[in-house]
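Take the sequences, apply the hints, and build the full model.
The sequence shown runs 1 to 524 under the UniProt record's numbering.
FYI, nobody ran anything at the bench for these hints, they're computed from the structure. Beta carbons are placed, not taken as given, at the ideal position from N, Cα and C, and that holds for glycine. Check before you lean on any hint, since a few could be wrong.
To be verified - 27 Å max Cα-Cα, derived DSSO-like pairs, lysine-lysine:
| no. | residue 1 | residue 2 |
| --- | --- | --- |
| 1 | K140 | K124 |
| 2 | K6 | K453 |
| 3 | K107 | K140 |
| 4 | K150 | K124 |
| 5 | K289 | K44 |
Claimed, not checked - If you anchor each label on the Cβ, the simulated ranges turn out as follows:
| no. | residue 1 | residue 2 | range |
| --- | --- | --- | --- |
| 6 | R378 | L436 | 50 to 60 Å |
| 7 | K291 | A318 | 18 to 28 Å |
| 8 | P460 | G13 | 19 to 29 Å |
| 9 | A472 | Q10 | 39 to 49 Å |
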Amino acid sequence: TKTISKCYVQVTGMTCASCVANIERNLRREDGIHSILVALMAGKAEVRYNPAVIHPSAIAELIRELGFGATVMENCGEGDGVLELVVRGMTCASCVHKIESTLMKTKGVLYCSVALATNKAHIKYDPEAVGPRDVIQVIKDLGFTTSLVKKDRSASHLDHKQEIRQWKRSFVVSFVFCIPVMGLMIYMMVMNSQPSDAHAHPNMSSEEREATHSSMVLDYQLLPGLSVMNFLSFLLCVPVQVFGGWHFYIQAYRALKHSTANMDVLVVLATSIAFLYSFVILLVAMAEKAKVNPVTFFDTPPMLFVFIALGRWLEHVAKGKTSEALARLISLQATEATIVTLGPDNVLLSEEQVDVELVQRGDIVKVVPGGKFPVDGRVIEGHSMVDESLITGEAMPVTKKPGSTVIAGSINQNGSLLISATHVGADTTLSQIVKLVEEAQTSKAPIQQFADKLSGYFVPFIVAVSVVTLLAWIIIGFVNFEIVEKYFLGYSESISSAEVVIRFAFQASITVLCIACPCSLGLA
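This is the structure we're talking about:
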């Protein structure tokens with residue numbers, strides 16, 4: 001039978017469900033990977049793999065290639081204790097061998113690997129039989145100095161502040177430039193809805209002529225073919241395209257590099273095509289010194305970016321809220337513990353401060369008034385009141401006497417207690433709660449998995465549909481020009497019929513792209 005191992009990878013840079021789908025889909029194809037579950041909120045991927053075929057570091061590299069940040073999380077061997085140590089004083093390979101062979105002989109050590117280059121030792125042990133302090137002692141007895149690899153307790157990976165800032169900025173830039181574009185657009189709509197051809201209506205009232213005239217200001221040509229309206233729209237559109245769309249372009253590029261299409265690809269496609277098409281049409285009109293101003297789409301990109309940047313910003317704020325709850329839970333954990341050695345009749349012989357990670361099962365831990373309980377345990381000596389509201393929610397302190405159980409993270413109030421550790425490290429109630437909250441964020445509702453799958457097919461489908469629209473209208477136009485003539489606004493005899501057809505076809509296909517772009521599926 002093939003052995004299946006499980007590892008966790010910390011993933012950064014995921015923005016939405018299609019990123020998750022992207023990672024899951026690409027990794028499932030790899031040899032040696034059995035299953036993968038990615039948590040968007042906790043930023044974690046749980047991978048079951050065949051260690052004979054692939055290593056966790058290779059898995060992390062695969063995720064990195066997709067354009068995300070990934071690091072293997074070491075402290076996740078379920079049931080086994082895992083210890084990462086920095087060992088100083090090793091000079092050559094025989095030192096390494098000495099440490100490894102001595103540790104492997106130690107009862108309860110399951111696996112041990114020491115790297116000379118990085119001065120690191122990686123040890124798996126059975127917490128029933130041996131503890132981290134015993135392991136450290138063994139290495140010290142061999143004549144080396146050793147210390148724990150410091151863990152990042154700040155939960156910095158749960159911090160969404162930077163993304164929130166980035167999307168807020170993106171939104172504000174787009175929004176500032178979007179308002180005047182919208183104003184111009186609405187103004188033009190209102191003006192154009194009034195009869196504008198003065199020559200056709202000689203009996204127009206002076207008021208109507210006035211209205212027409214004000215609209216003419218925007219239609220006034222700075223250069224032949226370049227109206228004030230189009231020029232202003234172009235000026236307002238450029239900063240949005242560059243600053244507002246910057247993050248979209250980066251994400252879309254990464255996705256395309258791996259021949260996958262996510263929502264960002266759609267956004268970028270729709271806005272870039274609308275922008276470039278409008279720009280080219282303007283150049284053509286200027287080259288032809290056209291009398292009639294061309295229809296441009298400069299209003300599309302700013303408005304799209306506004307909606308989507310707003311969506312992303314709100315999404316990150318919501319993520320930040322959930323992650324904040326997790327970070328708060330994590331911050332409740334004590335960092336140090338006072339371990340005491342007892343003589344006969346529970347006489348205190350000595351006490352020492354150690355890292356919480358070094359507390360072993362069966363250790364006697366002293367908790368002073370006002371201190372946090374570092375681990376779950378049972379009271380051996382002392383009486384006190386304990387505030388357990390963080391776990392149980394009850395406001396009144398609970399009386400503790402010898403024999404009562406205490407919970408890690410709760411606060412000792414008035415008496416000093418000696419407790420015997422029953423659950424340490426990842427087994428404490430608090431660690432389990434943190435783990436449950438992370439897993440609750442990891443597990444996806446079936447409908448969500450379905451939506452992820454769909455969004456993978458959605459993008460290519462939309463692009464295909466808009467291409468079909470383009471071709472269909474070109475064919476219809478050349479076969480039966482009357483249809484196009486009927487729907488194409490601003491048709492004038494000065495433009496050749498072929499150009500009208502192509503313009504109309506482009507308008508139709510860009511419309512398809514732009515409407516499908518901030519699709520409810522992606523935003524939801």
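Cross-check of the supplied hints:
At roughly 18 Å between alpha-carbon atoms, K140 and K124 fall within 27 Å of each other, so this suggested pair holds. For the given pair, K6 sits about 24 Å from K453 by alpha-carbon distance, which is consistent with the 27 Å threshold. With a C-alpha separation of about 17 Å, the suggested pair K107 and K140 falls inside the 27 Å cut-off, and the hint holds. Between the alpha carbons of K150 and K124 the distance comes to roughly 17 Å, so the proposed pair stays at or under 27 Å and holds.
About 58 Å separates the Cα atoms of K289 and K44, which puts this hinted pair outside 27 Å; it is violated. In this structure the supplied range 50 to 60 Å is violated for R378 paired with L436, their Cβ-Cβ distance being about 23 Å. Taking 18 to 28 Å as the suggested C-beta distance range, the pair K291 and A318 does not conform, at roughly 52 Å. At roughly 23 Å, the beta carbons of P460 and G13 sit within the given window of 19 to 29 Å.
Checking the proposed 39 to 49 Å range against A472 and Q10 shows it holds: the Cβ atoms sit about 48 Å from each other.
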